[in-house]
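> Given next are the chains, with one letter for each unit.
There are 2 protein chains.
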Amino acid sequence: MTKSEIFENICRKKSFLCIGLDTDVRKIPSFLCNDIFAFNKAIIDATADLCVAYKPNLAFYESEGLRGWEALEQTVNYIRTNYPEQFIIADAKRGDIGNTADMYAHVFFEKMPFDALTVAPYMGEDSVVPFLEFQNKWVILLALTSNSGAEDFQFFENKNGNFLFEEVIIKSLKWGNTDNMMYVVGATNAEMLSRIRKIVPHHFLLVPGVGAQGGSLQEVAKYGINSQCGLLVNSSRQILYADNGKNFAAAARANAVEIQKEMEDLLKDKNLI
Amino acid sequence: MTKSEIFENICRKKSFLCIGLDTDVRKIPSFLCNDIFAFNKAIIDATADLCVAYKPNLAFYESEGLRGWEALEQTVNYIRTNYPEQFIIADAKRGDIGNTADMYAHVFFEKMPFDALTVAPYMGEDSVVPFLEFQNKWVILLALTSNSGAEDFQFFENKNGNFLFEEVIIKSLKWGNTDNMMYVVGATNAEMLSRIRKIVPHHFLLVPGVGAQGGSLQEVAKYGINSQCGLLVNSSRQILYADNGKNFAAAARANAVEIQKEMEDLLKDKNLI
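Chains as they are written, first to last, in my numbering: chain A, 118 to 390; chain U, 118 to 390.
Any given hint could turn out to be false.
Said to hold, decoys possible - Some chain U residues judged to face chain A by a derived CB distance under 7 Å, without partners named:
1) Asp213
2) Met220
3) Tyr221
4) Glu242
5) Gly266
Calculated directly from the structure, the hints in this document are not laboratory data.
Beta carbons are placed, not taken as given, at the ideal position from N, Cα and C, and that holds for glycine.
I would like the entire structure built from these sequences, with the hints used as guidance.
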């Protein structure tokens, strides 16, 4: 999917919502009998008109072994077939040496129809560039994450006052461009979002941490929005686990509608729609 | 497995070899008809008396989808059942927020009988500590890797002249100890290995990069060996793909014997055996 297509979807749907399919079998309604795909399908059908992206976090699927992988494949194929406009992100946080990165690229971009993959930067260039060689596919590089441990190393500072997460962005600009690379920037640190926008004014940012983790959508939009929106804001638990009974999909939709409405207002404020 | 047990195995086998089961279906002998487990089993049976650890790199298994995961489970169970003294490392390079890390810990330490898991440090403390809560299980944290991209961020330097990989080790010393944490330190930079030994004189280090990637076993031992050996040196391609025909397992053994002999001499030089 191209950057213009993502922006067109945002304008059409009046939403820059990404729904994180962090499907935890322990939290889905009991009447579904642990059927991960059935849960995902219901959530997707209830929300697809309100969001522009879905992001399964692979840990939730891998932790279920073979049936987890099957559910992941079913989910991704279901989205691709029924909602072809959706941008599908494999939240894999992979990062390994070249030949291994090639293999992961083959799995996520060829065997499965993902549009993008999250990648951890620690191992550097040769762990990232193999993913950039696929037409219309994207790397979403971890820069500043939304968890408490982000403080430990991402704020490691060099003598010029640059933080590691800034160095990650600056260096990676030589590897990719605005059409094949995005960055993960947590919503929990809006001030840093503003610093990041100065380095990458035109890139899309994938923003987790709104909602359950405490980040504010208003703040994220204030510091992060650009002329093509440039934001995919993720929400997972708030939507997936809105209700634990028969009504779960309608409750998920209601919460997604609330977020979409807020996003619509923000897009109007910025004259993007 | 405890640290003393690892050292006892090293003394008994006169080897600190770890064999990387980076099994690439494109490279295994054709008469095996892409049977990953059959290949692994033959390699394991041919080498188990010469090494103290096996390390499947998960990318190679995940890239084969469901049958890859099945082969991984079969392989780990086979080693655990037939060679219970082996230290089994899941080379997963995972690193994700707390609840996700919990899930991975459950998969690799409970569902599958791995002893250790490699973890990427970028997301900090809460992406690492969930793995440390399992008795006699280990985190092997990426510090200085052996690939060319290691230069990109791992050598990011603060105003005190500390590199990021040193900061990773220093900070993580508050999370784990010599009985539940090791570090990945590539063989391709022996000088840095000596700097790392000053910070963690008593920890075990997992050392990739000897052989195919150009690192020297002599140099690694010179700078890295401690009073309990403190090294697991990994070799993958040199052993796995020693021969591409009917004779592949015997050829793998021959190469492993060569490495084991060199290790035996080094252990004797240091008066450890």
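> Under the constraints set out in the numbered hints, which ones does this structure not fulfil?
Per hint list: zero violations.
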